[in-house]
Amino acid sequence: MRGGSTTKSLTGSRLGWVLRFSAAAVVVMLGANLLVVAAERRLPDPLRYYSDRVQTLVTQMDRLKAAGVRSDLVFAGTSQAGRGIDPRVVGQTLGWKWTGNVAVPGTQAPITKRWLLEEVEPRLHPRRVVWAASSIDFNGGRPDPGIGRYNAAVATRRGALGEADEIFQNDVPVARHRSQLRNPYKLGTALQDGKPPTPPQQPLSALLGPTFRAPTTFGGAAAELGYMRSTLLGNFRVTREYLDAFRTTLEQLHRDGVETALVIMPVSTQFREAHPKGAEQYEAWKRLATRTATAAGANVLDLSRTEPDTAFSDFVHLNPDAARSWSALLAQRLAGIGWSKQAP
Amino acid sequence: MIFNSMQFALFFVVVLAIYWTLSHRRQNWLLLIASYAFYAYWDWRLLGLLIGVTAAAFLTAQRIDAAGSERNRKRWLLVAVGINLVVLGFFKYFGFFVQSSHDLAASLGLELPDQILKLILPIGISFYTFHAISYAMDVYRGRIKVERSPVTFALFISYFPLLLAGPIERAWHLLPQIRHERKKPNARQTYSALVLIVVGLVKKVVIADAVAPIANEIFNSPNGRGALPLAMGAIAFSIQIYGDFSGYSDIARGTSRLLGIEVFRNFEQPYFSTNITQFWRTWHISLSTWLHDYLYIPLGGNRDGKFATYRNLFLTMLLGGLWHGASWTFVIWGGLHGIALAIHRATGAVEPRGRPAPPKWRNVPAIVGTFTLVTVLWVFFRAASLQAALDFLGGFFSSPIGPDAGAWKAQLLVVAPIALGVIAIDLVDRNRARIFPLAWSPTVQGALFGAACVALVVWSGRPPQPFIYFQF
Chain A
4 MRGGSTTKSL
14 TGSRLGWVLR
24 FSAAAVVVML
34 GANLLVVAAE
44 RRLPDPLRYY
54 SDRVQTLVTQ
64 MDRLKAAGVR
74 SDLVFAGTSQ
84 AGRGIDPRVV
94 GQTLGWKWTG
104 NVAVPGTQAP
114 ITKRWLLEEV
124 EPRLHPRRVV
134 WAASSIDFNG
144 GRPDPGIGRY
154 NAAVATRRGA
164 LGEADEIFQN
174 DVPVARHRSQ
184 LRNPYKLGTA
194 LQDGKPPTPP
204 QQPLSALLGP
214 TFRAPTTFGG
224 AAAELGYMRS
234 TLLGNFRVTR
244 EYLDAFRTTL
254 EQLHRDGVET
264 ALVIMPVSTQ
274 FREAHPKGAE
284 QYEAWKRLAT
294 RTATAAGANV
304 LDLSRTEPDT
314 AFSDFVHLNP
324 DAARSWSALL
334 AQRLAGIGWS
344 KQAP
Chain B
16 MIFNSMQFAL
26 FFVVVLAIYW
36 TLSHRRQNWL
46 LLIASYAFYA
56 YWDWRLLGLL
66 IGVTAAAFLT
76 AQRIDAAGSE
86 RNRKRWLLVA
96 VGINLVVLGF
106 FKYFGFFVQS
116 SHDLAASLGL
126 ELPDQILKLI
136 LPIGISFYTF
146 HAISYAMDVY
156 RGRIKVERSP
166 VTFALFISYF
176 PLLLAGPIER
186 AWHLLPQIRH
196 ERKKPNARQT
206 YSALVLIVVG
216 LVKKVVIADA
226 VAPIANEIFN
236 SPNGRGALPL
246 AMGAIAFSIQ
256 IYGDFSGYSD
266 IARGTSRLLG
276 IEVFRNFEQP
286 YFSTNITQFW
296 RTWHISLSTW
306 LHDYLYIPLG
316 GNRDGKFATY
326 RNLFLTMLLG
336 GLWHGASWTF
346 VIWGGLHGIA
356 LAIHRATGAV
366 EPRGRPAPPK
376 WRNVPAIVGT
386 FTLVTVLWVF
396 FRAASLQAAL
406 DFLGGFFSSP
416 IGPDAGAWKA
426 QLLVVAPIAL
436 GVIAIDLVDR
446 NRARIFPLAW
456 SPTVQGALFG
466 AACVALVVWS
476 GRPPQPFIYF
486 QF
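Chains as they are written, first to last, in our numbering: chain A, 4 to 347; chain B, 16 to 487.
Hints were generated in silico from the structure; no laboratory data involved.
In this text, all values refer to a predicted model and were calculated from it rather than measured experimentally.
Heads up, none of these hints are tricks.
Listed next, the stretches of chain A that the computed footprint assigns to chain B, with coverage defined by at least 3 CB atoms under 8 Å from CB atoms of chain B:
# : region
1 : 24-37
2 : 155-165
3 : 168-178
4 : 228-237
Just so you know, even glycine gets a beta-carbon here, dropped at the ideal spot from N, CA and C.
Could you put the whole structure together from the sequences, leaning on the hints where they help?
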């Protein structure tokens with residue numbers, strides 16, 4: 004009798020302990036979510052894609068898709084392409100109305116593959132795709148590859164875990180806004196400034212434009228060179244994974260009836276020489292990329308030496324003026340391979 | 016499959032669910048199969064090497080035990096240790112020595128053929144070969160009996176919670192737990208194991224992975240930054256490596272405890288150390304005691320006078336540095352720690368063994384000084400090359416803030432609260448004998464658990480970051 008009562012009391016106290024523990028945990032979790040809900044009106048929309056730029060491009064492509072637009076020509080690549088190619092200039096010269104620049108800063112071949120085949124192609128059904136690349140796209144040794152982040156973004160995460168996470172993010176405010184909650188500085192600014200106003204809707208023909216930016220001055224030339232050597236071209240090596248991503252993308256586009264071209268972007272002398280084994284390593288990459296693209300049925304335009312070093316804002320990117328004039332040159336070269344509207 | 020991934024959570028839940036339904040013998044089989052599956056998940060081609068190292072260690076230890084004379088015992092010990100060092104040397108250091116020869120030849124104006132044998136580094140090799148070496152030496156010293164069961168021994172070498180990044184267990188501690196029937200953990204032990212896992216996850220996901228992008232960004236491009244941003248980058252790395260590695264060790268201890276196996280504690284709040292000797296008694300304890308027992312003592316320890324003691328300290332730390340990786344930066348990092356230890360020893364200071372006492376206010380200058388020294392030396396550990404480390408340290412003498420004050424403020428707002436979080440966690444841990452955190456009211460513990468869950472949700476959803484020590 005006595006033993007039974009002790010057991011009962013122990014069970015009771017354990018149950019009480021568990022209940023108090025659980026209640027406190029639930030209160031804290033609910034409280035955190037309520038706080039986020041209260042602040043949600045002042046927070047910018049949560050990031051569902053790899054970057055703000057990707058999210059913007061997806062929104063724009065969805066608008067074009069909804070309007071039944073089929074793209075005549077799109078340009079893909081990294082920020083070199085994003086800041087170097089004005090699709091309006093190219094489109095006007097070639098006579099195409101629907102030209103767009105869907106280049107994404109910070110990408111490399113494996114990301115461009117997923118981006119082009121899974122997001123761009125199903126939305127825009129482009130007739131022609133230019134992969135505007137430099138050796139940065141192919142550097143499998145880069146210390147901060149973005150593909151992990153691309154694969155982990157809510158909208159581009161694959162598999163059952165990805166779907167579960169998407170549901171979780173949709174239903175749990177703390178999870179939905181976690182990228183903002185991780186950055187107290189941005190969070191503070193956002194709460195202070197309030198939700199950014201929705202920008203006026205651009206006409207369809209103005210979508211998918213370039214991302215011209217003023218030259219960055221952070222740290223000066225030494226810092227830019229250091230970043231280029233240690234990060235963009237750090238541990239430079241063209242890995243099989245990156246080369247395969249490039250080749251299979253071109254092959255898939257080819258199978259889908261899309262005309263393709265590899266445009267080798269202009270680069271500065273400093274850029275070529277910043278490769279760990281010097282300019283020869285860059286030239287070796289060019290030969291490899293050219294061979295691979297040709298074998299995959301793509302046209303190849305080598306425009307790497309068309310611009311003087313003064314045309315670059317930071318050794319890597321063309322400055323806005325140079326980008327516009329170079330885009331006209333690019334259009335002529337594309338016309339040369341029969342990509343203009345007037346071509347037979 | 017890393018500890019902070021959903022794959023590992025599913026894997027462990029399945030293993031645990033089956034584990035306690037089996038007899039002891041079958042439990043060992045299950046753990047062995049699970050350990051090999053865990054390892055093969057990384058790269059199945061390397062499983063052969065793990066099994067090969069295990070077989071060699073098992074057989075040579077039998078020979079040590081069976082050898083009639085001391086001479087033969089010693090011979091077989093040398094074979095056992097030699098096999099492991101050859102495996103470790105070949106896979107981990109061959110490329111380093113070839114590259115160093117190339118660099119030396121190039122500096123002399125010579126050009127060697129550019130045919131460097133590229134080898135993949137088998138994950139966890141530094142840990143399981145050290146398990147095997149300590150086993151052979153302990154059998155030779157008669158500290159433990161030779162293990163006759165291949166399954167028991169294979170599990171000792173490949174036990175999955177410890178396989179990739181330790182703690183480096185000793186045979187005398189782990190083998191008996193594998194050999195004998197294990198008790199199912201009671202409610203209190205289960206709870207403490209779960210607390211360890213949650214704390215470990217917080218240290219990894221909320222602390223280490225939160226500051227990692229800042230440390231990476233600053234170490235990847237230190238040029239043009241001011242002294243304070245560089246100092247913050249170095250502090251961010253100090254926090255990252257501590258959160259990362261001690262988080263891993265906590266999860267390893269927690270998961271082991273759920274399996275009825277106790278493993279070594281690997282950290283005792285090292286950043287509260289008041290001197291460099293105390294730091295090494297509280298940082299990566301399983302490695303520092305391993306180096307003490309199997310390197311420093313065989314070298315002569317402190318038995319042959321002051322100079323020999325300093326030399327042995329220096330050599331031990333130099334080799335300890337090289338253990339971390341095949342790079343001059345690790346060698347220099349280890350060597351500088353060796354010099355610091357020798358200098359501390361030369362001052363005549365005596366550092367008592369055992370768990371250090373809770374810090375007091377009067378210790379703050381010594382703690383800050385030791386942390387500063389350790390953080391400066393981490394620059395060599397983290398930098399991509401010796402030149403990069405020197406450039407980074409050179410930046411400490413530039414302007415205080417540098418050109419990008421906005422970025423610095425944003426980063427400081429991440430690093431500073433996380434640093435305070437580390438201090439809070441470690442203060443509680445250092446005082447655990449006095450304040451018994453597991454005896455706190457369930458409301459407080461539940462609230463802390465809720466806060467940990469919220470923090471984990473906020474800081475998850477990014478690609479799982481591999482643990483730093485996996486590369487060693």
